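Trainee: Residue numbering for the sequence shown follows the numbering used here, beginning at -10 and increasing consecutively.
FYI, nobody ran anything at the bench for these hints, they're computed from the structure. Given the structure is predicted, the values throughout are model-derived calculations rather than measurements. Backbone N, C-alpha and C fix where the C-beta goes; we use that ideal spot for every residue, glycine too. Certain hints may be false.
What the hints assert, rightly or not - Quick list of the computed label-pair ranges, beta carbon to beta carbon: (1) Asn73 - Lys132: 21 to 29 Å; (2) Gly93 - Val125: 32 to 40 Å; (3) Ser47 - Lys132: 33 to 41 Å; (4) Asp50 - Asn124: 18 to 26 Å; (5) Pro86 - Met57: 32 to 40 Å.
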Amino acid sequence: MKGARSLASDCFLVAIGYHGKNFHGSQIQPNVRTVQGVLIDALKEIGWWSKGCLWIFSRTDAGVSVRMNLIRLELPDSVISSINESAVIRALNDRLPDDIVAWGAKKTSSITSSRPVISRKYFYRCQSIKNWPKNVDLDLLIKG
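Generate coordinates for the entire structure from the input sequences, incorporating the hints supplied.
Mentor: This is the structure:
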């Protein structure tokens, strides 16, 4: 099987979200900050990094923020057997910067089927705040 790992492993599906302002997209690129690069740094710090252990299910362009994207972490059995979902989230979040967060995880089989994408739908949300004051000092807000 193409891309199969020789090391016995299981995997976690992890839900992440990030504020894209300071990212140059999700995929690794040389000399710029990316979501994948930040995740790899966190995995290295934990001691879980090995080439091919991280899969990001959907790509984003520079500056794009995401509420939920899934990543797959293929980890050795020794790691899988010693941690649970909340430990994965905690370990990642302890090492991730403030603009990215792991907020859900589920242990699953490393044998997952993948299929080519036929189409995608994008939803853009503009949040509004109920009871927002009408007389807002915009200059003060911009100065922050």
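Trainee: The structure should be examined with respect to each hint, and the outcome stated for every one.
Mentor: Cross-check of the supplied hints:
One distance hint, 21 to 29 Å for the beta-carbon pair Asn73 and Lys132, is violated here, with the actual separation near 45 Å. A C-beta distance of roughly 35 Å is found between Gly93 and Val125, which places it inside the suggested range of 32 to 40 Å. For the pair Ser47 and Lys132, the beta carbons lie near 35 Å from each other, so the given range of 33 to 41 Å is met. One distance hint, 18 to 26 Å for the beta-carbon pair Asp50 and Asn124, is violated here, with the actual separation near 37 Å.
In this structure, Pro86 and Met57 break the distance hint of 32 to 40 Å, their C-beta atoms being roughly 18 Å apart.
Hint violations for this structure: numbers 1, 4, 5, all remaining hints satisfied.
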